[in-house]
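**Student:** Generate the whole structure from the sequences, applying the supplied hints.
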Amino acid sequence: MYSKEKIELIRKGKEEWEREVLTPILRKWPEREDRFETLSGRELNRLYTPLDVSEKDYLRDISFPGAYPFTRGVMPTGYRGKLWTRRQVTGFATPEETNSRLKYLQREGQTGINLVFDLPTHYHLDSDNPLCAGEVGKDGVPVDSLRDIEVIFDGIDIAAISTSIITAGATIFAMFLALAQKRAIPLHTLRGTLQNDIVSLYYTVHLSRFNLLDLFRISVDVIEFCVRNIPRWNPISFIGYQIREKGSTAAQEIAFTFGSAIAYAEALKKRGLAVDEFAPRFSFFFNAHNDFLEEICKYRAARRLWARIMRERFKAKNPLSWLLRFHVQTAGCSLTAQQPMNNVIRTTIQALAAVLGGANSLHTNSMDEAYALPSETAVRTALRTQQIIALESGVTNTVDPLGGSYCIEKLTDELEEEAVAILEEIDENGGMVQAVSTGWVQKQIQDAAYAYKREVETKKHFIVGVNCHEVEEDELPIEILKIDPYHEELQKKNLAAVRTNRDMQQVERALERLREAVEAQENVMLPFVEAAHAYATIEEMMNTCMPSSQGTKGGVER
Amino acid sequence: MKNGKRTIRVLLAKPGLDGHDRGVYLVAQALRDAGIEVIFLGLQTTAEEVVAAALQEDVDMVGLSIFSGGHMTILPRITEKLRQAGLGELPVIVGGIIPPDDARTLKGMGIHEVFPPGCSTADIITCVRSLIPLT
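One line per chain: the protein sequences are A and B, in this order.
Count the first sequence with the working numbering and you get residues 1 to 558, in order.
Count the second sequence with the working numbering and you get residues 1001 to 1135, in order.
Since the hints were derived computationally from the structure, they do not count as laboratory data.
Mixed in with the good hints, there may be bad ones.
Not everything, but these chain B residues come out facing chain A in the computed CB check (under 10 Å) [claimed, not checked]:
#, residue
1, G1016
2, G1019
3, D1021
4, L1026
5, A1030
6, I1036
7, I1039
8, L1055
9, E1057
10, F1067
11, M1072
12, G1118
13, C1119
14, S1120
15, T1121
Glycine included, C-beta positions come from ideal geometry on N, C-alpha and C.
**Tutor:** Written out as structure tokens, the structure is:
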């Protein structure tokens, strides 16, 4: 970005500065460390100057917001036009409690819905299955049938608000579509996002009792169905968030997320879809961890790399296919049980990184989440954190304010390069599905997690309240949300009522249709929607769809 | 036996449906690095599987990791089954997302220690060694 002569002058100037200014100071006041590192272990230089970005071509590598390769953002106006969507993960106890929390958050200024389910629901087990005892409604909302989806969205206009559904697979989504049909909302007008990235979910949180390849096929069915019928819906959101929570580095987070996205893109092409049909509907979901600068650069690097992958590897022609649109959640794993109010500050810094990195949608964690799901007071503070960044901080008033910083551009380059190298390794390991099946990906992440834990324990990384500035706390300074066992009983009672009141012949007909579709290897989405209308339960639907599919018990791969 | 001392054997498991396994892998590796033998049962283990493995592997201790919020149902069921199997004296320690009130209740029910997020693996190793006499 500078002429050769200018660079030469800067280089000489820097040498002189080091000799005359820096060296005497270092003798007097040595630096705190021999080597300064980011949270992912990347070395940070003392100072970045034009010398670090001298090879860059502004138009090729950075360019303008809304222009290829989108380093500075996907919207030409940044947040000057539209702010990011503020959507807090919501779901606990029962559909009734969740409905009232959703309405509360809407009153408090939430602009999107982000619905999360309990473990039994993720596993496609009904709430009255003995395997689920004690876990119903504990870390999300239980959904057994369409009845629960109706209750969750009661009084909420799903035609007007965009809804993110944090689940893998077709069952809950089918219930959501059935609800839309019952409300006479044309499916093609629905807006929202389905998580659906089973490849990533499978090895990060193991939310399944079925075989990976069987689940992969269904998730591809969902994408195909949406591309053809619900054009404004994002049928998949590739999950970097959980990869990072499991302990990956920032570059691994980018690469493993894209590894999954590439696997899906190839599967969809095999179904006969053109890349420009499905790629514009791909969306992404990243973490915002503690390292402010590294995180900002991670989003910028990811945006540029995805654009290049789509254009160069997949030969996408439609500019919308090149866009990396992403949701961010602040890092749950960074929250400390110690001095929980400090988590508000951590979350603020992380959220600011997401905004400076150009997130399209954001969830901010609540201070109490190292103990339980958030209380109403805590979640409001978390939402307020976003609103203060949006309305008070001023960072939203110019596009990509950190673009052009020598440090930011250099780190962005380095993260992209490292992610590219990991993507090559994924290819060498047979692609993402294969690399997950053999446990290679898990091993990479576990090694990174262990290295980080060692660094915290040897105080190479500090965590305030954990390995420095500790205090003795006998009582918690904040109130914790308790989920009464009564809620589990209530959910089971409501499920029993659904079983009694539904038309069993209609259920059997719908499940039979689903079975036929599976056997004929047809797309299962419409049969799922029909089963949802009949109030078939989530367990009935999945057991019908996958009668002989067996998953691995998540933890045994190593 | 190592240097005349018996090697400590710890059974680790994640009971219930919870898939958050970062913590349990870190603990397993830290214990192994400290010379403690780890038998890891994996995820989604049932109370019956924990008891059967504890009997079969002749372990000195059981460590359970749980982040799902289901601890007040799942953990007492495991300690009860251990008691029924004649393993009532076997130390059980727990790690995960467990509020202090619940931790106190669990300790009253025979769980020896509850480790919250952010605790150090050194503390866990110290606890394991203190609970198991090596004579």
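**Student:** With reference to the structure, classify each hint as holding or not holding.
**Tutor:** Here is how each hint holds up against the structure:
Against a cut-off of 10 Å between C-beta atoms, the interface hint on G1016(B) holds, since the closest Cβ of chain A lies about 6 Å away. At a threshold of 10 Å, the smallest CB-CB gap from G1019(B) to chain A is about 4 Å, leaving the interface hint in force. Restraint check, D1021(B) versus chain A: the minimum CB separation of about 6 Å is within 10 Å; hint holds. For L1026(B), the interface hint holds, since its Cβ comes within 10 Å of a Cβ in chain A; the closest pair sits about 5 Å apart.
A distance limit of 10 Å between C-beta atoms decides the matter here; for A1030(B) the minimum to chain A is near 8 Å, and the interface restraint holds. For the restraint placing I1036(B) at the interface with chain A, the shortest Cβ-Cβ distance is roughly 16 Å, beyond the 10 Å limit, so the hint is violated. About 12 Å separates the beta-carbon of I1039(B) from the nearest beta-carbon of chain A, more than 10 Å, and the hint is not met. Here the hint on L1055(B) is broken, as its CB sits about 20 Å from the closest CB of chain A, past 10 Å.
Violation of the interface hint for E1057(B) is found here, the shortest Cβ-Cβ separation to chain A being roughly 16 Å, above the 10 Å cut-off. Here the hint on F1067(B) is kept, as its CB sits about 8 Å from the closest CB of chain A, short of 10 Å. The restraint placing M1072(B) at the interface with chain A holds, with a minimum CB-CB distance near 7 Å, inside the 10 Å limit. With 10 Å as the threshold, the beta carbon of G1118(B) comes within range of chain A, its nearest partner Cβ sitting at about 4 Å, so the hint holds.
Of the supplied interface hints, the one on C1119(B) holds, with its beta-carbon coming within about 8 Å of a beta-carbon of chain A, less than 10 Å. Hint status for S1120(B): holds, given a least beta-carbon distance of 5 Å to chain A, under 10 Å. Look at T1121(B): its Cβ gets to within about 6 Å of chain A, closer than 10 Å, so that hint holds up.
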